[in-house]
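Student: In case it helps, numbering that gives the first Met the number 0 puts the sequence shown at residues 0 to 492.
Keep in mind that a hint or two might mislead.
What the hints assert, rightly or not - Have a look at the derived ranges for each label pair, beta carbon to beta carbon:
(1) H299 x N325: 27 to 33 Å
(2) L184 x Q112: 22 to 28 Å
(3) L280 x L324: 43 to 49 Å
(4) L29 x G90: 34 to 40 Å
(5) R218 x L29: 48 to 54 Å
(6) H299 x K365: 37 to 43 Å
(7) R256 x L19: 39 to 45 Å
(8) L29 x L183: 43 to 49 Å
(9) L183 x G90: 54 to 60 Å
(10) G169 x L230: 36 to 42 Å
(11) L230 x L324: 20 to 26 Å
(12) L207 x V485: 45 to 51 Å
(13) H299 x V479: 28 to 34 Å
(14) E31 x D211: 19 to 25 Å
No lab work stands behind these hints, which were simulated from the structure alone.
C-beta: ideal position from N, C-alpha, C; glycine also.
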Amino acid sequence: MIRRVLRSFRFRLLSGSLLLLALLLLTMGLFEYTVMQEYLNRTAAANLQDQIRAIGPQVWDQLAAGSPAAQSALPKLLGPDVSLVLVGKDGTLQPLRPGEDHRHSVPVLTPEQYKSLFMPGSRPDWSGIALDNQGRRETVVLLRFGPPGKAAYLIQASTFLKPTEDILRGSLAVYGLGALVTLLLGGLAFSFLIRRLLFPLSGMIQSLERMDAGTLQDRLPSQETDELNSLAHSFNSLLARLETAFAREKEARETLRRFVADASHELRTPLTALHGFLEVLLLGAEDNPNQLHSALQSMHMESERLIKLVNELLLLARFDREPTLNKEETSLADLLKAMEPELHLLAGKRSLKVEIHGPGYLSCDKQHLKQVILNLFQNAVHYTDPLTGEIELILHPFASDLPSGKTSARAFGSGSGSFLVLEVRDNGSGISPQDLPHVFERFYRGEKSRNREQGGTGLGLSIVKSLVEAHGGRVSVESVAGHGTVFRVELPL
């Protein structure tokens, strides 16, 4: 429980805020302490200098001459904590307050510091902090006295820093207490503000924890702040994508289930037929030439059907995984012309018309496009009358920037919005509205085409869709039941 609290975002935010506040208070305290210490030291030194100057040069001259009257007057002029020393030009120190000069040791500066004040043009005073021989810090001031233009002696006055240090300690204690109170009040204020600011986030977390696969349609409400509103919007977008992904996954499972069932059914039919014919042969059909020939012919047909089905399944599986195309510059018009004899043979007595506008050059896999044409043509053959059926193949270029309903009669070069269109039209039975959205699904057959002799394997149009999309194109269908069908293949140039 404690570890959970310590790792919580709220605790980290609160501790970080308090740490930042503490650092600010510490920085301000150090700055205030330094400034106040400097100010008090300068004030103490200025007071000493003012006291020395207030006595007057005549008194100091008398003290330098050893006047007893002047020495007896010093206690009345200076405080008891001030020690005085007369410094000669040779650096000798002479105490000026007998009987009181031993109350504390007098700080002794370096000879260079004393000599610098005797030099012509130098400042007549100096102040600073020095240590006595017992290591105690004292405020020290030096003032130069003597005839104008010629220094005769220095007066050194010093006093303990204890009063100043006491003031600093007192101020530091007051500031420290104030800082602790500020931290306490800041902690309470930060805790309240953080709890209030994170309340919507807690609500979002609770809403997300209640969600599962069955409640992905729920959405987080809009928030007051831009950041939380952006977070809610991001979560809602994620939920929408998850909902779509779950729906697609469910649809994919259903499609896979239907695919496995249909594939098993399609494979079982020729296998069952083969098994039946083998049983007939085992029962003695080899003694009857006519029966033997019929059985072998049927077995051959079923094996071809089985091989075709397996090959089509393998082709679809390969294109589902990663389509590989051997593209080359190809004239689709030349390909159609080369296929015309084969198409006439497949059409039988049906009417066949091939209409070509332009050479139709594009980069494609020639064999795969040939399979697209054959699959669409065989589909038209299956669903048209053998005697009165009419099938038409139309190849023309198209540009999306042309006015609606108009096509170009030239072969386009490569360019944005330009593509080739291949249309396969027939006057067959057509496709019912309920079947039309499913014609490109694997193993799908309309209600009027359930017999396998007419309907094939049910994979031809699925293969067309996969091959066309592998070329970056698209395939569509238009049909009215009883009035024929139009398949339209669009291939980008």
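Student: With reference to the structure, classify each hint as holding or not holding.
Tutor: Here's how the hints hold up against the structure:
no. : hint                    : verdict
1   : H299 x N325: 27 to 33 Å : holds, 32 Å
2   : L184 x Q112: 22 to 28 Å : violated, 50 Å
3   : L280 x L324: 43 to 49 Å : holds, 44 Å
4   : L29 x G90: 34 to 40 Å   : holds, 39 Å
5   : R218 x L29: 48 to 54 Å  : holds, 52 Å
6   : H299 x K365: 37 to 43 Å : violated, 30 Å
7   : R256 x L19: 39 to 45 Å  : violated, 59 Å
8   : L29 x L183: 43 to 49 Å  : violated, 21 Å
9   : L183 x G90: 54 to 60 Å  : holds, 57 Å
10  : G169 x L230: 36 to 42 Å : violated, 50 Å
11  : L230 x L324: 20 to 26 Å : violated, 44 Å
12  : L207 x V485: 45 to 51 Å : holds, 50 Å
13  : H299 x V479: 28 to 34 Å : violated, 39 Å
14  : E31 x D211: 19 to 25 Å  : violated, 58 Å
The structure fails to meet hints 2, 6, 7, 8, 10, 11, 13 and 14 from the earlier list, while all remaining hints are met.
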